[in-house]
Amino acid sequence: MSTIEELMVAETPPASTKPPRAKRPPAPPRAPRRPPRPPKPREPLSSRQVLLRSSLTVVAALLFAFGANVIVLSQVQHAVAQQRLHDELAEELAEGTAPVSEGDIHDVLLADGVPLGLLSIPSIGVSEVIVEGTSSATMTAGPGHRRDTVLPGQQGVSVVYGRASAFGGPFARIQELAPGDALSVTTGQGVQRFTVTGTRYAGDPSPAPITAGRSRLTLVTARGEPFHPTGVAYVDAQLMGTAEDAGTRQTTFAALPATAQPLASDTSTVWALVFALQFLIVVEIGAVWAYRRIGAQKTWIVFVPLTVLAGIYVTNQVTILLPNLL
Amino acid sequence: MRARPATSTDPRRRGSRLRSTGALFILGAMVTFAGVATASSAMALSVAPSDIDLTITVAPTPPPVPGTSETPVDPDPSPDPSSSTGPMVPVRGTLVAMSGLRTQYHWSPNPAQGSVAVSYTVRNLSHSTIGATSRFWLTNAVGATVSQREGISLSGLKPGKTRVISATLDGVGQWTVLRAHATLTPPSTVDGRPVKPITRDSFVFVPPWLTGSVSVLACGGFFAFHLIRLGRLAALAAAAA
Numbered sequence: 001m002s003t004i005e006e007l008m009v010a011e012t013p014p015a016s017t018k019p020p021r022a023k024r025p026p027a028p029p030r031a032p033r034r035p036p037r038p039p040k041p042r043e044p045l046s047s048r049q050v051l052l053r054s055s056l057t058v059v060a061a062l063l064f065a066f067g068a069n070v071i072v073l074s075q076v077q078h079a080v081a082q083q084r085l086h087d088e089l090a091e092e093l094a095e096g097t098a099p100v101s102e103g104d105i106h107d108v109l110l111a112d113g114v115p116l117g118l119l120s121i122p123s124i125g126v127s128e129v130i131v132e133g134t135s136s137a138t139m140t141a142g143p144g145h146r147r148d149t150v151l152p153g154q155q156g157v158s159v160v161y162g163r164a165s166a167f168g169g170p171f172a173r174i175q176e177l178a179p180g181d182a183l184s185v186t187t188g189q190g191v192q193r194f195t196v197t198g199t200r201y202a203g204d205p206s207p208a209p210i211t212a213g214r215s216r217l218t219l220v221t222a223r224g225e226p227f228h229p230t231g232v233a234y235v236d237a238q239l240m241g242t243a244e245d246a247g248t249r250q251t252t253f254a255a256l257p258a259t260a261q262p263l264a265s266d267t268s269t270v271w272a273l274v275f276a277l278q279f280l281i282v283v284e285i286g287a288v289w290a291y292r293r294i295g296a297q298k299t300w301i302v303f304v305p306l307t308v309l310a311g312i313y314v315t316n317q318v319t320i321l322l323p324n325l326l
Numbered sequence: 001m002r003a004r005p006a007t008s009t010d011p012r013r014r015g016s017r018l019r020s021t022g023a024l025f026i027l028g029a030m031v032t033f034a035g036v037a038t039a040s041s042a043m044a045l046s047v048a049p050s051d052i053d054l055t056i057t058v059a060p061t062p063p064p065v066p067g068t069s070e071t072p073v074d075p076d077p078s079p080d081p082s083s084s085t086g087p088m089v090p091v092r093g094t095l096v097a098m099s100g101l102r103t104q105y106h107w108s109p110n111p112a113q114g115s116v117a118v119s120y121t122v123r124n125l126s127h128s129t130i131g132a133t134s135r136f137w138l139t140n141a142v143g144a145t146v147s148q149r150e151g152i153s154l155s156g157l158k159p160g161k162t163r164v165i166s167a168t169l170d171g172v173g174q175w176t177v178l179r180a181h182a183t184l185t186p187p188s189t190v191d192g193r194p195v196k197p198i199t200r201d202s203f204v205f206v207p208p209w210l211t212g213s214v215s216v217l218a219c220g221g222f223f224a225f226h227l228i229r230l231g232r233l234a235a236l237a238a239a240a241a
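Going down the list, the sequences are from chains D and C. Residue 180 in the numbering used here is what sits at position 180 of the first sequence, and the numbering runs on without skipping anything. Residue 134 in the numbering used here is what sits at position 134 of the second sequence, and the numbering runs on without skipping anything.
Please note that the accuracy of each hint is not assured.
[As the list claims (entries may be wrong)] Which residues of chain D face chain C? A few of them, derived with a C-beta cut under 7 Å, are:
#	residue
1	ALA27
2	ALA172
3	GLU176
4	GLY180
5	ALA182
6	SER184
7	GLY188
8	THR197
9	GLY198
10	THR199
11	PRO205
12	PRO207
13	GLU225
14	GLN297
Since the hints were derived computationally from the structure, they do not count as laboratory data. Each residue gets a CB set at the ideal place from its N, CA and C atoms; glycine is no exception.
Please model the complete structure; the sequences and the hints are all you need to start from.
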């Protein structure tokens with residue numbers, strides 16, 4: 001071995017002699033600057049306070065359900081009703097049995113909620129089936145035709161109400177219609193084409209009286225903030241073309257019920273609200289009993305769907321009490 | 001099987017307290033909502049009888065006779081409002097037709113700015129060429145005027161013609177709930193008949209983006225701080241164990 005090689009061997013340290021580098025121990029967790037506050041001891045509630053708290057909780061839940069019903073669920077209900085009405089009207093139009101007067105083909109007075117025609121306003125994206133009757137309960141399904149007026153396209157003035165906010169708010173934007181805008185209504189007498197003549201508020205000049213052989217359609221809705229009506233808005237439209245013969249009308253303006261007027265409420269189903277509240281109270285009593293006797297988990301599984309059902313039932317009945325143009 | 005009563009030091013009691021606070025908050029909001037809804041319904045019902053002019057549409061129609069078709073006849077026919085020409089007879093009914101308001105909010109990076117474009121359509125149903133002036137203004141939830149434009153003139157509107165009047169109202173800011181108003185003031189007499197100014201209004205929603213952004217940031221920061229703090233406490237408890 002040469003001298004250089006001997007030196008290299010001598011200077012190279014043996015690999016096995018180097019100690020392994022020890023890992024740094026994990027840093028201890030840093031304590032928060034401020035420790036959590038100890039919970040304050042709470043005074044036990046009296047039986048009256050417990051009753052008050054429970055009652056307020058139920059009222060809060062009902063109010064929340066009412067708001068959810070008006071703002072969200074009513075839109076779904078309206079969409080489902082319109083789908084059903086559209087199918088029914090399409091079938092009647094195909095069979096030629098769609099109503100052209102206040103009675104059906106068997107001369108039986110039309111019930112509230114029967115589909116009469118399809119209102120189409122392309123400029124604001126409205127395509128709604130019109131139903132007979134203008135009470136609040138009837139207009140949850142769609143725009144309502146006032147019974148004492150002729151059908152759209154027939155000689156005379158036809159009046160159709162529509163909601164501005166709840167249940168789809170089909171007439172929310174009709175005030176945006178400008179004079180000259182087109183709309184159409186498909187009834188049992190064919191497609192009736194109208195052109196808008198203007199918008200009116202209370203106190204504005206009335207349109208010219210309708211002349212022989214002419215037809216006018218007046219759309220009515222609430223004005224003001226959403227869910228806060230401050231008045232009524234009217235949009236008039238004139239028929240383009242020849243008016244159809246007017247069908248028989250049994251209902252006159254004098255015979256029109258108060259529930260059919262603009263912004264009227266419908267109190268004819270208050271009895272159903274009473275039953276709904278009774279059902280809700282029975283469910284709540286049952287839930288409390290089951291919680292104490294059976295346990296929280298089983299009570300939750302059984303009584304939550306029942307409570308939601310009762311809440312929807314109650315709030316539906318309350319919603320009907322709201323004005324028909326809301 | 002009864003639920004075991006929890007002591008005051010039990011963490012579940014804190015959760016219960018949070019739930020109670022949340023329930024109270026919801027209750028307050030709901031009571032406020034119910035008050036507003038009840039008041040609005042009452043107001044609507046109280047306004048309805050004087051605010052509704054049913055004779056507008058019903059009076060011209062004669063009472064229908066069962067078994068016959070109703071054919072209202074007007075001895076003094078008026079021109080068709082949908083056509084630009086008509087017989088030269090005195091116009092009955094509306095002389096100047098006005099649509100409702102169309103509004104559109106335009107966002108601005110300056111939280112104190114932002115604008116609302118307001119427009120409407122007017123149609124001359126008379127036999128005379130008319131001019132008019134228009135005023136636009138915005139009011140907030142308490143009725144105070146936020147922005148306005150006056151003196152917008154409309155001239156030379158011929159019979160049967162239609163025109164769109166529009167204005168942009170600045171300084172909307174973060175008011176959130178606004179009402180847009182417009183008044184059209186035609187000549188005091190048209191075709192020899194007196195004509196009154198016509199007013200329209202509309203609801204305008206202005207997204208409160210500044211308040212919303214600050215709220216989102218504050219909530220996000222609070223929850224992030226809370227999560228970090230919980231993590232440290234858990235690690236500390238593990239280290240102590």
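Hints and how they fare:
1. ALA27: It is violated, given that the least Cβ distance between ALA27/D and chain C is near 10 Å, above 7 Å.
2. ALA172: At about 10 Å, which exceeds the 7 Å cut-off, the nearest Cβ of chain C leaves the hint on ALA172/D violated.
3. GLU176: 5 Å, holds
4. GLY180: Holds: closest Cβ of chain C sits about 6 Å from GLY180/D, inside 7 Å.
5. ALA182: 10 Å, violated
6. SER184: 14 Å, violated
7. GLY188: 15 Å, violated
8. THR197: Cβ of THR197/D sits 4 Å from chain C, so the hint holds.
9. GLY198: 3 Å, holds
10. THR199: 5 Å, holds
11. PRO205: 5 Å, holds
12. PRO207: 4 Å, holds
13. GLU225: At about 5 Å, which falls below the 7 Å cut-off, the nearest Cβ of chain C leaves the hint on GLU225/D intact, so it holds.
14. GLN297: Because about 10 Å separates GLN297/D from the closest Cβ in chain C, which is outside the 7 Å limit, the hint is violated.
Checked against the numbered hints given earlier, the structure breaks hints 1, 2, 5, 6, 7 and 14 and satisfies all the rest.
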